[in-house]
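Model the full structure from these sequences, guided by the hints.
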Amino acid sequence: EDQVTQSPEALRLQEGESSSLNCSYTVSGLRGLFWYRQDPGKGPEFLFTLYSAGEEKEKERLKATLTKKESFLHITAPKPEDSATYLCAVQADDYKLSFGAGTTVTVRA
Amino acid sequence: DTAVSQTPKYLVTQMGNDKSIKCEQNLGHDTMYWYKQDSKKFLKIMFSYNNKELIINETVPNRFSPKSPDKAHLNLHINSLELGDSAVYFCASSQVGGGRKGSKNIQYFGAGTRLSVL
Numbered sequence: 083e084d085q086v087t088q089s090p091e092a093l094r095l096q097e098g099e100s101s102s103l104n105c106s107y108t109v110s111g112l113r114g115l116f117w118y119r120q121d122p123g124k125g126p127e128f129l130f131t132l133y134s135a136g137e138e139k140e141k142e143r144l145k146a147t148l149t150k151k152e153s154f155l156h157i158t159a160p161k162p163e164d165s166a167t168y169l170c171a172v173q174a175d176d177y178k179l180s181f182g183a184g185t186t187v188t189v190r191a
Numbered sequence: 022d023t024a025v026s027q028t029p030k031y032l033v034t035q036m037g038n039d040k041s042i043k044c045e046q047n048l049g050h051d052t053m054y055w056y057k058q059d060s061k062k063f064l065k066i067m068f069s070y071n072n073k074e075l076i077i078n079e080t081v082p083n084r085f086s087p088k089s090p091d092k093a094h095l096n097l098h099i100n101s102l103e104l105g106d107s108a109v110y111f112c113a114s115s116q117v118g119g120g121r122k123g124s125k126n127i128q129y130f131g132a133g134t135r136l137s138v139l
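Line by line, the protein sequences are chains A and B.
Mapping to our numbering: the first sequence position 30 is 112, numbers consecutive.
Mapping to our numbering: the second sequence position 11 is 32, numbers consecutive.
Fair warning: there could be bad hints in the mix.
Claimed, not checked - Keeping only pairs whose Cα atoms sit at most 20 Å apart, straight-line, the calculated SDA-like set for lysine to any residue is:
id: 1; chain 1: B; residue 1: K65; chain 2: A; residue 2: S180
id: 2; chain 1: B; residue 1: K57; chain 2: A; residue 2: E127
id: 3; chain 1: B; residue 1: K30; chain 2: B; residue 2: I77
id: 4; chain 1: B; residue 1: K65; chain 2: A; residue 2: L129
id: 5; chain 1: B; residue 1: K61; chain 2: A; residue 2: E91
No wet-lab data here; the hints were simulated from the structure.
This is the structure we're talking about:
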């Protein structure tokens, strides 16, 4: 069975303090690794898809990287509006996404 | 325009009742999904339909029955509600399923329906 483990569970940052979130996975036949952002009371919002080890994607202060066993979401110089829960998910040989439990990021001004 | 919309947003009901949650997507996608997010925040797939055909049916009690009248709609009907059914239910859609690489397998989620069973 596909397994996705995210760490840490929670991360409290000062505005401007860069950090990284980890997503380690076990999957047979990775089709894609997905990062989503979820705000309280809302649905997950798509951020990135990564397909191959070594691939990187960037969007504003966020950068996602992928190896054969894990993915990192780097947050550079975060702002309070980056506070959210960040979800990692893997897609194997079928339609479904298997999600991790998420990392809740709080950025203080 | 909301891409994936669910109704209602909140649903409070008594044990034993039957309830439905509706989902509609205006993205022209072929595949729709239902996920359950429990109190520990794990999102877990329940069902998936591709062009009105059921393609994923995880180990879900048969009190849960999805219905897809057309490829833009996927409704979830729940019979004989139990306390353990309390959760947030999310609908999602993607252009194609099957794990194909490329932007077409990105899943877009609705805002969720918070179900509370008393």
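Going through the hints against the structure:
Of the supplied pair hints, the one linking K65 (chain B) and S180 (chain A) holds, its CA atoms being roughly 7 Å apart against a limit of 20 Å. The hinted pair formed by K57 (chain B) and E127 (chain A) meets the criterion: a straight-line CA distance of about 16 Å does not exceed 20 Å. Distance check on the hinted pair: K30 (chain B) and I77 (chain B) sit about 24 Å apart at the alpha-carbon level, beyond 20 Å; violated. Taking the CA atoms of K65 (chain B) and L129 (chain A), the gap is about 19 Å. The hint holds against a cut of 20 Å.
Taking the CA atoms of K61 (chain B) and E91 (chain A), the gap is near 11 Å; set against the 20 Å cutoff, the hint holds.
In summary, the one numbered hint that this structure violates is 3.
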